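**Q** Residue numbers (our numbering), protein chains in the order written: chain A, 1 to 477; chain B, 1 to 477.
Warning: the hint list may mix true and false statements.
Identical copies go unnamed one by one, so any copy, or any two together, can satisfy a pair.
[What the hints assert, rightly or not] Below, computed lysine-lysine pairings styled on BS3-like, alpha-carbon distance capped at 30 Å:
id: 1; residue 1: Lys-336; residue 2: Lys-108
id: 2; residue 1: Lys-5; residue 2: Lys-148
id: 3; residue 1: Lys-290; residue 2: Lys-31
id: 4; residue 1: Lys-268; residue 2: Lys-143
id: 5; residue 1: Lys-5; residue 2: Lys-417
id: 6; residue 1: Lys-14; residue 2: Lys-327
id: 7; residue 1: Lys-268; residue 2: Lys-333
id: 8; residue 1: Lys-14; residue 2: Lys-187
id: 9; residue 1: Lys-327; residue 2: Lys-7
id: 10; residue 1: Lys-373; residue 2: Lys-5
id: 11; residue 1: Lys-101; residue 2: Lys-335
id: 12; residue 1: Lys-14; residue 2: Lys-148
id: 13; residue 1: Lys-362; residue 2: Lys-5
id: 14; residue 1: Lys-2; residue 2: Lys-148
id: 15; residue 1: Lys-143; residue 2: Lys-336
id: 16; residue 1: Lys-107; residue 2: Lys-373
id: 17; residue 1: Lys-143; residue 2: Lys-417
id: 18; residue 1: Lys-90; residue 2: Lys-148
id: 19; residue 1: Lys-5; residue 2: Lys-191
id: 20; residue 1: Lys-375; residue 2: Lys-14
id: 21; residue 1: Lys-101; residue 2: Lys-373
id: 22; residue 1: Lys-148; residue 2: Lys-83
id: 23; residue 1: Lys-191; residue 2: Lys-7
For the record, the hints were derived by calculation from the structure and aren't laboratory data.
Here the structure is a predicted model, which means the values were calculated and not measured.
Protein chains: 2
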Amino acid sequence: MKYSKIKALLESEKGGIAVATRGWVRTFRNKQFIALNDGSTIHNIQCVVDFENTPEATLKRITTSAALDIQGTLVESQGSGQKYEIQVTKLEILGDSDAEKYPIQPKKHSLEFLRENAHLRVRTNTFSAVMRVRSVLAYAVHKYFNEKGFFYFNAPIITGSDAEGAGEMFRVSALPFDGTPRTEDGKVNFKEDFFGRETNLTVSGQLEAETYAMALGQVYTFGPTFRAENSNTSRHLAEFWMIEPEVAFNDLNDNMDLAEDFIRYVIKYTMENCADDLKFLEQRLIDEEKNKPQAERSEMALLEKLNFVLENNFIRISYTEAIDILKNSKPNKNKKFQYLIEEWGADLQSEHERYLVEKHFKSPVILFDYPAKIKAFYMRLNEDGQTVRAMDILFPGIGEIVGGSQREERLDVLIEKMNALGIPEEELWWYLDTRRFGTAIHSGFGLGFERLVLFVTGMTNIRDVIPFPRTPQNAEF
Amino acid sequence: MKYSKIKALLESEKGGIAVATRGWVRTFRNKQFIALNDGSTIHNIQCVVDFENTPEATLKRITTSAALDIQGTLVESQGSGQKYEIQVTKLEILGDSDAEKYPIQPKKHSLEFLRENAHLRVRTNTFSAVMRVRSVLAYAVHKYFNEKGFFYFNAPIITGSDAEGAGEMFRVSALPFDGTPRTEDGKVNFKEDFFGRETNLTVSGQLEAETYAMALGQVYTFGPTFRAENSNTSRHLAEFWMIEPEVAFNDLNDNMDLAEDFIRYVIKYTMENCADDLKFLEQRLIDEEKNKPQAERSEMALLEKLNFVLENNFIRISYTEAIDILKNSKPNKNKKFQYLIEEWGADLQSEHERYLVEKHFKSPVILFDYPAKIKAFYMRLNEDGQTVRAMDILFPGIGEIVGGSQREERLDVLIEKMNALGIPEEELWWYLDTRRFGTAIHSGFGLGFERLVLFVTGMTNIRDVIPFPRTPQNAEF
């Protein structure tokens, strides 16, 4: 007999047919009702066992997470909460699960505990929903860029270039710590390393993507990036996936338009294709927040929040306007900010971003035209000589979700900035070549994929939206 | 005026309209005809300059790879080889390209030379075609699995697990070589490293993917993997992208069916969506092989070869049958093989695989049921106690493109094998949990993405199908 996925069975057009399916037990009650799940959907299918004609020994083996092969008749269900259930005619236990030893009991576990069992947590409703949403979001990313005529560009992960300065890097090496080859003056001789030079894990594929944008027109990366910063927060991972589109001939406004259109598209696609999972996650968040004081609860339910993003343009204001708002804000005047905003040029902290997004505008915000001195060397200098064509998109509850800019396309200005910052030209000879040969304005941004998944799922710790999180002191599995 | 991509202009429904476009000069001849390309298609659009009314100084700046902004009228073309060309009314030079200094002249360069200019080679016809095909193939991968109800799973890149033994690993560390922290007995103290343990770059996401398949049912990875082997060949990269589907309840036959169906789907999709690029690459290969002796030329042209794969089932034979064929083969009897096949149990070398695929069957071949002792510990032992349910797919000109297996689902057999190989159980406690709790048969495979791109593009060196190749002594850019 052909096996069907549970999702397909629950969406069946008619009952009364012989069916077969396989999956794992979520719960078993009254020696009769198995809630079976196979990962294809958040919903379990109820399998009704003829317990009077089933050996007691078999019934005892129907425990949480046991793998079953079920055959029977699909019938309309009265009580299971689903349209259909299976009247079981044949039941085979494929793999047992010792109820005494199985770590995840059918009760509520802390997210912390589940993180320690990251290989099993995806068997819970919450994590299976999160990981399905993550998968659908990732597909939406590729679908969007494909429809817009972008080409997928795989930036190198191991890089000899460390000039961008986006963050601390992990070293990649095949050299031993004991008996490390040395040069005559006692330094590590990286010429004897695998790549014949010092290499690191990439912090961003942007510079390489720019070389491709200047030939293929519009490209995007979607791959892992790394930061060796010792940030033990709910918003940082040492290994995370980043999406970096780069477009020739786009200015900063085009760049903002692209980012907004992109974010809306992927959220809309996910709402259309993950409705059940999002509904579950919305309810989960409501339940979780019941125990919190009113002031700490989300102002909008999950789907309402996502719809808000679809239906409202992001607020666009310049850094200079933002500073004015912040200077005159209550928390600044009452000295409630940890870092008080006193003058133009200050780097914005998370507390300031949150104030703008969550209190002042109550909307996603795009800040643009930042002071040059607090931004990266490759950003396009404005005519004022003070600000650069940078933009950050700030989301409620998440903070910065996108960072981007129009790139400095003028060779002389770029070299001047690199010199001022001590970035050696010979390190980035290939990057400078894009400005030497057929330069043109171009723009791009980076979006941290896990922050997007956080926002869409309503989860609050970034470790809960990637299968096996890498953080300081943690690389288990 | 709205700017159009050159691809859209060439596919325009009518001429006689005002258009604007931007791109880079490929060639400029007779002070009149610019071949302009913007990366959206292999084809250039001819832009006809009114040279009598254009300053000589401007004409001189129209050099290979200069960036131009062109406005004019789209008209039917007589001579350009395309349906349309642009009669230029306004021409702006966005970025110059000094013809004396630009490394890639409008002539044939060696692939070797172009590799040293990997940041610019994508501006050539060959590499832009290869990279567009790569992008479309990647999209087809996601599309296929999405349509089949798979979930995209991001395996960790940095891993504390090194038990699989698929190859040499790169170490990832934030510890310094000078003043490395040491334990009391003088060993490197990895507890003080970023992750509190020794970590490496992953060689495969399979083991982690298995934990997800046993919850979500069917998952796939598509991400970078790494091998620190000093293999300076045209088929090996130190950093490459791998696709690894893993499916609960699939046996080895299902696994072979999936691999065949998958490969056919992505090739078909790419042929439908990259026809122009593939036609160009086919001609390129014919031109390249003109200088070779007849015996070394491809037996089929590129598209014919791809069609052959679409229309013919792969030959499936057991390892045992393959050994019989090889033992009795001419090159074995005449001692032409470097490694003669003398008895069952021999590991197959590239020369044997090529003989089977290119000489004996002249077709892709799936070999299955290999001797247990030459395959990995996690493969399902057959009832004969000698062979495992492994399968390799061998492609003409490429060799192994897929390696897969049904996984050993029996806890006791798996532990026994790990013990025999000295793999510590405590290293893989989480992997063993999938067999402890609700185990079931399952299968999967790994497909090296660059080898697939090689096959589809007809390129012969794997360094030419990834943007910035990483190989021994080479991590430039």
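**Q** Next, verify each hint and record whether it holds.
**A** Status of the hints after comparison with the structure:
Neither within a single protomer nor between protomers do Lys-336 and Lys-108 lie at most 30 Å apart by alpha-carbon distance, with minima of 37 Å and 66 Å respectively. Proximity of Lys-5 to Lys-148 under the C-alpha cut-off of 30 Å is restricted to the inter-copy arrangement: shortest distance 11 Å between copies versus 33 Å within a copy. In this assembly of identical chains, the alpha carbons of Lys-290 and Lys-31 never lie at most 30 Å apart, being 33 Å within a copy and 75 Å across copies at closest. Taking identical chains as interchangeable, the C-alpha atoms of Lys-268 and Lys-143 lie at most 30 Å apart whether they share a chain (12 Å) or sit on different chains (18 Å).
For the homomeric pair Lys-5 and Lys-417, neither the shortest alpha-carbon distance inside one copy (58 Å) nor that between copies (33 Å) is at most 30 Å. Taking the shortest Cα distances, Lys-14 and Lys-327 never come within 30 Å of each other, neither inside one copy (64 Å) nor across copies (57 Å). Proximity of Lys-268 and Lys-333 under a CA criterion of 30 Å is satisfied in neither setting, with 40 Å inside one chain copy and 64 Å between copies. When the C-alpha separation of Lys-14 and Lys-187 is checked against a cutoff of 30 Å, the pair qualifies neither within a copy, at 74 Å, nor between copies, at 67 Å.
When the C-alpha separation of Lys-327 and Lys-7 is checked against a cutoff of 30 Å, the pair qualifies neither within a copy, at 54 Å, nor between copies, at 50 Å. In this assembly of identical chains, Lys-373 and Lys-5 lie within 30 Å of each other by CA distance neither inside one copy nor across copies; the values are 56 Å within and 36 Å between. Taking CA atoms no more than 30 Å apart as the test, Lys-101 paired with Lys-335 passes in neither setting, with 53 Å inside one copy and 58 Å between copies. Taking CA atoms no more than 30 Å apart as the test, Lys-14 paired with Lys-148 passes between copies only; the shortest distance there is 22 Å, against 40 Å inside one copy.
For a Cα distance limit of 30 Å, the shortest separation of Lys-362 from Lys-5 qualifies neither inside one copy, at 42 Å, nor across copies, at 38 Å. When the C-alpha separation of Lys-2 and Lys-148 is checked against a cutoff of 30 Å, the pair qualifies only between copies, where the shortest distance is 16 Å, while the shortest distance within a copy is 39 Å. Proximity of Lys-143 and Lys-336 under a CA criterion of 30 Å is satisfied in neither setting, with 44 Å inside one chain copy and 50 Å between copies. In this assembly of identical chains, Lys-107 and Lys-373 lie within 30 Å of each other by CA distance neither inside one copy nor across copies; the values are 52 Å within and 44 Å between.
Within a single copy, Lys-143 and Lys-417 get their C-alpha atoms no closer than 37 Å, and across copies no closer than 43 Å, so neither meets the 30 Å cut-off. For the homomeric pair Lys-90 and Lys-148, the shortest alpha-carbon distance between copies (27 Å) is at most 30 Å, but the shortest distance inside one copy (50 Å) is not. For the identical chains of this complex, Lys-5 and Lys-191 are neighbours neither inside a copy (54 Å) nor across copies (45 Å), given an alpha-carbon limit of 30 Å. In this homomeric assembly, Lys-375 and Lys-14 never come within 30 Å of each other (Cα to Cα): the closest approach is 60 Å inside a single copy and 47 Å across copies.
In this homomeric assembly, Lys-101 and Lys-373 never come within 30 Å of each other (Cα to Cα): the closest approach is 57 Å inside a single copy and 33 Å across copies. For a Cα distance limit of 30 Å, the shortest separation of Lys-148 from Lys-83 across copies, 24 Å, qualifies, whereas the shortest one inside one copy, 39 Å, does not. For the homomeric pair Lys-191 and Lys-7, neither the shortest alpha-carbon distance inside one copy (56 Å) nor that between copies (45 Å) is at most 30 Å.
Checked against the numbered hints given earlier, this structure breaks hints 1, 3, 5, 6, 7, 8, 9, 10, 11, 13, 15, 16, 17, 19, 20, 21 and 23; the rest are met.
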